[in-house]
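**Student:** If you want the building blocks of each chain, they are given just below.
There are 6 protein chains.
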Amino acid sequence: MKDFFIADAPEFENAVVTSYFVLSSLQIRERRQGGGQFLSVTLIDKTGSMPAVMWDDFSDSIAACSEGCYVKVQGQINRYQNKFQMSLQRLRFAAESEIDPADYLPVTQFNVDEMWEELRGYVSRFANTDLQRLVFAFLDDPEIAAAYRNAPAAKLLHHAWIGGLLEHVVTLVRVCVTIAPFYPEVDPDLLVTGAILHDVGKIRELYWKSSFGYTLEGQLIGHINIAQGMLVEKVRELQPFPEELRILVQHMILSHHGKYEFGSPKLPMTPEALLLNVLDDLEAKMQTLRNAFANAKIQGKGSDEVTDWVRSMERPLFNSQNYLKKEQE
Amino acid sequence: MKDFFIADAPEFENAVVTSYFVLSSLQIRERRQGGGQFLSVTLIDKTGSMPAVMWDDFSDSIAACSEGCYVKVQGQINRYQNKFQMSLQRLRFAAESEIDPADYLPVTQFNVDEMWEELRGYVSRFANTDLQRLVFAFLDDPEIAAAYRNAPAAKLLHHAWIGGLLEHVVTLVRVCVTIAPFYPEVDPDLLVTGAILHDVGKIRELYWKSSFGYTLEGQLIGHINIAQGMLVEKVRELQPFPEELRILVQHMILSHHGKYEFGSPKLPMTPEALLLNVLDDLEAKMQTLRNAFANAKIQGKGSDEVTDWVRSMERPLFNSQNYLKKEQE
Amino acid sequence: MKDFFIADAPEFENAVVTSYFVLSSLQIRERRQGGGQFLSVTLIDKTGSMPAVMWDDFSDSIAACSEGCYVKVQGQINRYQNKFQMSLQRLRFAAESEIDPADYLPVTQFNVDEMWEELRGYVSRFANTDLQRLVFAFLDDPEIAAAYRNAPAAKLLHHAWIGGLLEHVVTLVRVCVTIAPFYPEVDPDLLVTGAILHDVGKIRELYWKSSFGYTLEGQLIGHINIAQGMLVEKVRELQPFPEELRILVQHMILSHHGKYEFGSPKLPMTPEALLLNVLDDLEAKMQTLRNAFANAKIQGKGSDEVTDWVRSMERPLFNSQNYLKKEQE
Amino acid sequence: MKDFFIADAPEFENAVVTSYFVLSSLQIRERRQGGGQFLSVTLIDKTGSMPAVMWDDFSDSIAACSEGCYVKVQGQINRYQNKFQMSLQRLRFAAESEIDPADYLPVTQFNVDEMWEELRGYVSRFANTDLQRLVFAFLDDPEIAAAYRNAPAAKLLHHAWIGGLLEHVVTLVRVCVTIAPFYPEVDPDLLVTGAILHDVGKIRELYWKSSFGYTLEGQLIGHINIAQGMLVEKVRELQPFPEELRILVQHMILSHHGKYEFGSPKLPMTPEALLLNVLDDLEAKMQTLRNAFANAKIQGKGSDEVTDWVRSMERPLFNSQNYLKKEQE
Amino acid sequence: MKDFFIADAPEFENAVVTSYFVLSSLQIRERRQGGGQFLSVTLIDKTGSMPAVMWDDFSDSIAACSEGCYVKVQGQINRYQNKFQMSLQRLRFAAESEIDPADYLPVTQFNVDEMWEELRGYVSRFANTDLQRLVFAFLDDPEIAAAYRNAPAAKLLHHAWIGGLLEHVVTLVRVCVTIAPFYPEVDPDLLVTGAILHDVGKIRELYWKSSFGYTLEGQLIGHINIAQGMLVEKVRELQPFPEELRILVQHMILSHHGKYEFGSPKLPMTPEALLLNVLDDLEAKMQTLRNAFANAKIQGKGSDEVTDWVRSMERPLFNSQNYLKKEQE
Amino acid sequence: MKDFFIADAPEFENAVVTSYFVLSSLQIRERRQGGGQFLSVTLIDKTGSMPAVMWDDFSDSIAACSEGCYVKVQGQINRYQNKFQMSLQRLRFAAESEIDPADYLPVTQFNVDEMWEELRGYVSRFANTDLQRLVFAFLDDPEIAAAYRNAPAAKLLHHAWIGGLLEHVVTLVRVCVTIAPFYPEVDPDLLVTGAILHDVGKIRELYWKSSFGYTLEGQLIGHINIAQGMLVEKVRELQPFPEELRILVQHMILSHHGKYEFGSPKLPMTPEALLLNVLDDLEAKMQTLRNAFANAKIQGKGSDEVTDWVRSMERPLFNSQNYLKKEQE
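Chains as they are written, first to last, in the working numbering: chain A, 1 to 329; chain B, 1 to 329; chain C, 1 to 329; chain D, 1 to 329; chain E, 1 to 329; chain F, 1 to 329.
Hints were generated in silico from the structure; no laboratory data involved. Heads up, some of the hints might be wrong.
Claimed, not checked - Computed cross-link-like contacts, DSSO-like style, restricted to lysine-lysine with a CA-CA straight-line distance of at most 30 Å:
1. Lys325/B x Lys209/C
2. Lys83/E x Lys297/E
3. Lys72/E x Lys46/E
4. Lys325/D x Lys301/D
5. Lys326/A x Lys301/A
6. Lys297/F x Lys155/F
7. Lys209/B x Lys326/E
8. Lys259/B x Lys325/A
9. Lys155/B x Lys46/E
10. Lys155/C x Lys297/B
11. Lys155/E x Lys46/E
12. Lys155/F x Lys72/A
13. Lys46/B x Lys259/B
14. Lys326/D x Lys297/D
15. Lys46/A x Lys155/F
16. Lys209/D x Lys297/A
17. Lys209/B x Lys155/E
As the list claims (entries may be wrong) - Chain C regions said to be covered by chain A (calculated; three or more residues, Cβ under 8 Å):
18. 232-241
19. 310-316
What the hints assert, rightly or not - Computed list of chain A residues with no C-beta within reach of chain D, every gap over 12 Å:
20. Ala7
21. Ile62
22. Cys69
23. Val112
24. Trp161
25. Thr215
26. Glu237
27. Leu238
28. Phe241
29. Tyr323
Beta carbons: idealized from backbone N, C-alpha and C, even for Gly.
Kindly generate the complete structure, drawing on both the sequences and the hints.
**Tutor:** This is the structure we're talking about:
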């Protein structure tokens, strides 16, 4: 049980605490003036990160540890140059049985059960029963469901937190069902099917145990192609299943990144594939804006200053609402 | 008064008709076997085009004519290889006073007054009175209003018809007001202002008298920059006007094509500019799909065939709804 | 039974022949001087194409025909401007039961059975029995085998003939087994597995009945992704199958085009994937050279002239051997 | 009054001086071994920059200061590792009334009044009186003139100093008037008008108070589009003004960067626009060469060595004159 | 001796003339209604081109002819649809001994001897005697001089006429010597050396006998690399020659196209190479403008219309002088 | 004579050694707490690099030294944080006469004489005696031979060691002679000639005295163009020599990088040029893989982890053999 979190540090200044963390970096360093070695580590949990040092007798402590493992530590919280750090008295490897992973990784701020039910609700209202069978074959598969409810949507950047994939998909589906009626060329059930399945390959592309990263399959195959393989398998289980629907759903998955250089082996050719690509991309960009604006706030930028250069968009961004509010004050 | 239209030809087979047209091409050609010259022209009105020939005494007839001018003709409607053509007895230059231009150019199928009122309705509900003043300064300018209600949205391609600009904008604004609530970073009044003004420069970029084309200012300056100049002038007339709003609206106009290579000198940096660019681009692409699907139908393509290669999108397209319908029959 | 082929025309000048063809184009045209209509068609078989006309009473003849169907015709062979054409007396739709498709499409000049045995021979010598099981699962699948032995490798361009896929693969495998020993990083069995399976999706991407073309699945999914789905299914049938081999083979299929813009969603990351991409690309380029040189010969170009511009390679090419031979004479 | 400049340090080694500077960086740092905090700042004026430290009682000193503000300091000049630094005894915020901004920013080495007169001289010799009226409407506008005479031409890189814009323009105009006679397609008055007005938007794109940077309008609108708005306003004031000249001048402004990706929404289409783009670009590149050569000299590079990689030109550069001179010695 | 030129046709309407031409196309065609074959050719000389037909007995006439050869013909000049053509009575192959090539290819309108002396004049005023020796080694080489004075500068496009290379170089050198003083980094002798030698490889890249085209060496090696080889050979003949000058001149030749994709294997790194590239490119672009303006005039375009799309510049162009003149009338 | 190498340090811990090194960096630094200055250098030889410090009296020692020069030092080997360093007692400039350069630069692990003989062997078996004469004219030129046997193939990256050029060429030629028979369009002697000469310009592009780097000629001209010049000179010496072979060999040299942006002024147009480009590129990529795999091993990466991002290939790589081996254990 973890009852001290890094965000609690201000209330524990100078106190000695005992808790569990992920060891996100580990270095043995030389003390000044030939004073021997000491241990310098970084501890993280879902609320943030904190540096820590251990001055003596740390060899046995770290014997079983490596970067990314869980540790149990005891130490005193100090403030140094207005930042908190910990002086460790004890540190040891912690088994997964002692751990609730949810304590260590950032988590969606929304209710996973509610989002899950919302998602199932859209599917239960499908007019097209074949697509309904198909999507429920994914959502009712216990292994897929467990992963889908927990997976982040990315290693870094947008929705990089537990439940991020589900959060991203639910948000996207809401926009899909709202905007579809404006385009009579678009079959709404097909569009929503695409929205729910387009990123399902991320449950095998990413891992989210103690930290986020890419699996080997993620690196060599990628989530688009993993999802495609999952679709082929599900369709085979559902036989008979209309071949034309299989092709149209597969096309949406393959083309949802919209450009060859983003890893889509096909460009969107159907109205649904095109709309899915545009709305998925819009979600990602809006999330990029939010991150950049939050960052600018942390940096103390003025309301009339642009954000730092945003590499993925090749430009800085600008928080217009904030600017208008400030000017009107 | 024009009372015969090209689309009426089947009802007039072998009859002699008298009517007005635009002369869209004009050639003097040699008859076979040294039989002298004859006149070969193409006549157009808003319902289509028809070839016509005049065998004798055409020199005086065409003295005042050139491609793009209006003509009055008398001739007989014949069918040749299942297509209609006209054997001309008389042809003369027609003055603009004899002409209602609306008869010669394709026109939106929607009611311009209704669209205009719908647009004004959105503005009248703005919470931001400065933006309201600004947009009404455009819409209430008689010269701008007259042009805005008539202009096409393009020379060819999407919305290339009288009223096409207004039709494009109203459709876009509808999607804007529906989708804005999903993105709290977006100021809806600012977004709608951008949607109404982004293409206003087209009223000087294009001409739409007897046919559609680019003005010299359209070629050398372009609608993005024309719109910008119009904004600068309107803002000057409205002084005092908040500088920050001027900058944000100007930024939306400048960046609405989304990429440098599409003629935008700035990339979208604000949430409103970004959303405007995405939705404007989506409208254009959906219109491209519609055109390609209509074309495929005309070509008699099967429901399981892709369209011809669409150059602007570097791919063929596929009408999924049509395909599903056919497969279910 | 087809006993007259288009290439036989010189021996039949002025004779009346009866035979079967594919109707590759069909037009009804006007005779000069108002003389009524006539039928103008193009007939093809595996040896070439020939224009034909039918002057009278063709309406019933063509009632059941459309472009791409088989027809039985009777007519006279004439020479006109040094080219042969046929004056048709009779023409009718031909059922597939009357037809041996091999007569109508170009066919590899190599022996399919021998190539097939050569291919199986490489696999039977694999040291890695899992890869052996995998490849044989494809080659021993009667449906796949039948298609694999007949499929062309492309609609146009390189190896666009019956048996072209097999011919391309066998040629590629030969180079693979020869060059692999120079690169100790490369596992030869894995490389050959990739070479045999990389294009297997073409058996569903293309159709080759009476003519060559893309299936809808070929257009919307593509052979890379079709092959991937086939692999997923075969691996499921072979369980237990080493996951690591599945990933490495799938990666080779996904990346064999070598660049995103060529439709590969992953770039080659393993030695085998890299080498497969390079050698597959080399095969295609050498075939392009051969075609360009053959074309230049037909055009009567001199030995010191470059070929026409080759669009896929963005340059003209030059037959150096031919040039050296000529210079030495 | 500032009577000690950073470049004077060698003459004041170990002396105590009192002077004003811009505070270009400010950090509070920890002394070694827990010895408390000290203040570490960087001071700049137009002659360079110098680090400074203040060991005690600095809290009040810096209360009103932030990076970019002016300060008055008293301290001792020391040499440390062959570089000068200052040990501060006193530091306080300085009001703008105490300051002559010209002391703090680098300034053109040429005489601004002379350059200004030279520029006006070219205009006064225009044959085209409309263009003359137009350019003088800018140069005689007191607000524009004041800014134009002071503005830098860039934040960093070429002509990043007070008066840099004017210096750049005068140099460019000299080349324009010399080269125009070689190209009879070019109207020299139009060309010089473009040269004088092309960058006038920089007076609002940049700010140059205590340091150089981009304004918000500079970021969201950009100098090309600002200049365009200024032109629209001036032309309106000058009515009647020939529309054709307005369009041609506006086109030159819009297209002077020569490529879409450099922020020009139009490519140069007229002889004047093309020549302006080429000569403006040549000026920038020659300035880049000069900077790179000066840098190489500072780094002590040999006369047969290329400069460091110049990112904007994607290559290193080479000082050929220097090389030839050295080789001949 | 050729005493009738194609441009003389109006004065010879209906007359029978005898003259020499280049046979630029040759076709045997069918007469209408089975009336047998006739010969259809195109005749060119330096003043233009004219179609011609020969109705009878042409087999022997063309036995020795092919496209590109010289012919002697006798025939009658007729006017047909306002264009001239010739009805041939006699036609035969013409030997080169009968021919003055200058009659058949377009020729510079400037005096070659004067241009040549002007060029030599610049060199004779070089301060750098090594560069002087080098350039004269080219200009005094009889074989090079003969070719240099005749070569066109291109197959099509800019300066595609006899003497075009010399004309291009002289024009370029004039601008070089005028502009060099503005850039003190530039060695004028080095710059002019580069201007004179940069395109010298064109004398082997192109052929200009009866028509213009690329040699095989031009296709496989290219004029940049041919020039480089010529430089290497000349430098070897001039030994001792300063190695540093050889490298700097060679660098200018290699880099004068300015971009890799234009066939320059090196980017300009020295001031002289950079300036040479800019001015050479400017010459080419101005020539492109001139051609486009001349073409627009021929097409009868209005003074307020842009030219056709110019592919090499990816834009239409606009003749501003013409526009201003018209507006002022 | 050098009898202590950096790789020997473990056996000499705490011992005092005397040896020669290249001084690859040199800095004078401040001791902590105002304790004066000390010398900090990096010493390298062919086995690696080691930091060293000299605390006192170093001014005279370094008087004649600069980065890149040879030095003789005496000092004690210490271990610090598990790395070795040297405390210097003496250091002085070393003349080249004291030095065997082979001790200081990494060297191929293969026998240079054997590789050289293998190369000559291929040439001696040429059927084409002209190509044989040409290649031997290079290999028998004592100056070229000496350089060719020693030159590295690059400054960094692939084959950056003494003898690397020869090693690269021999490896490439082996693949060439093996693969040529698969492509009957390819003349094997011409291909091997290209393989041997394509990089011969590197002997003047690079220098390899004490360290590797680019010569000025390498920077301004480049090895492709240097090789071309060498070919022109050799061909002139061999006259008479068939012009067609000269052109074909020159074309292979010019085009062997395969793309304009890689510095090839011509794209491969002949079968031999194409194959040379493909195989040369394959060699470079396989070497890149090897380096990346070796690096990953040093970093302690797991067998299921991809390598770091490889910039030249824009992807990470993956050692499939290693992965399969580990999984099978």
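**Student:** It remains to establish, for every hint, whether it holds in the given structure.
**Tutor:** Evaluation of the provided hints:
1. Lys325/B x Lys209/C: The hint holds at about 26 Å.
2. Lys83/E x Lys297/E: holds (19 Å)
3. Lys72/E x Lys46/E: holds (15 Å)
4. Lys325/D x Lys301/D: holds (15 Å)
5. Lys326/A x Lys301/A: Given that 30 Å is the threshold and the Cα spacing comes to 13 Å, the pair holds.
6. Lys297/F x Lys155/F: This hinted pair holds, its Cα atoms lying about 23 Å apart.
7. Lys209/B x Lys326/E: holds (23 Å)
8. Lys259/B x Lys325/A: The given pair, whose Cα atoms are some 29 Å apart, holds under the 30 Å limit.
9. Lys155/B x Lys46/E: The given pair, whose Cα atoms are some 41 Å apart, is violated under the 30 Å limit.
10. Lys155/C x Lys297/B: The hint holds at about 24 Å.
11. Lys155/E x Lys46/E: holds (15 Å)
12. Lys155/F x Lys72/A: Distance of about 49 Å is beyond 30 Å: violated.
13. Lys46/B x Lys259/B: violated (35 Å)
14. Lys326/D x Lys297/D: holds (13 Å)
15. Lys46/A x Lys155/F: violated (46 Å)
16. Lys209/D x Lys297/A: Holds - the C-alpha atoms of Lys297/A and Lys209/D are around 25 Å apart, at most 30 Å.
17. Lys209/B x Lys155/E: Violated, at about 43 Å.
18. 232-241: holds (count 3)
19. 310-316: It is violated: at least three residues are needed, and the region 310-316 of chain C offers just 0 whose Cβ sits closer than 8 Å to chain A.
20. Ala7: Holds, since 24 Å exceeds 12 Å.
21. Ile62: holds (27 Å)
22. Cys69: Check passes; 32 Å lies beyond 12 Å.
23. Val112: holds (40 Å)
24. Trp161: Consistent with the label, Trp161/A stays out of reach of chain D, its closest Cβ about 31 Å off (over 12 Å).
25. Thr215: The claim holds: Thr215/A sits with its nearest Cβ about 36 Å from chain D, beyond 12 Å.
26. Glu237: The claim stands: Glu237/A keeps its Cβ more than 12 Å from every Cβ of chain D (closest is about 50 Å).
27. Leu238: holds (49 Å)
28. Phe241: Non-interface label on Phe241/A holds, nearest chain D Cβ at 47 Å vs cutoff 12 Å.
29. Tyr323: At roughly 8 Å from the nearest Cβ of chain D, Tyr323/A sits no farther out than 12 Å, so the non-interface label is violated.
The structure shown violates the earlier hints numbered 9, 12, 13, 15, 17, 19, 29.
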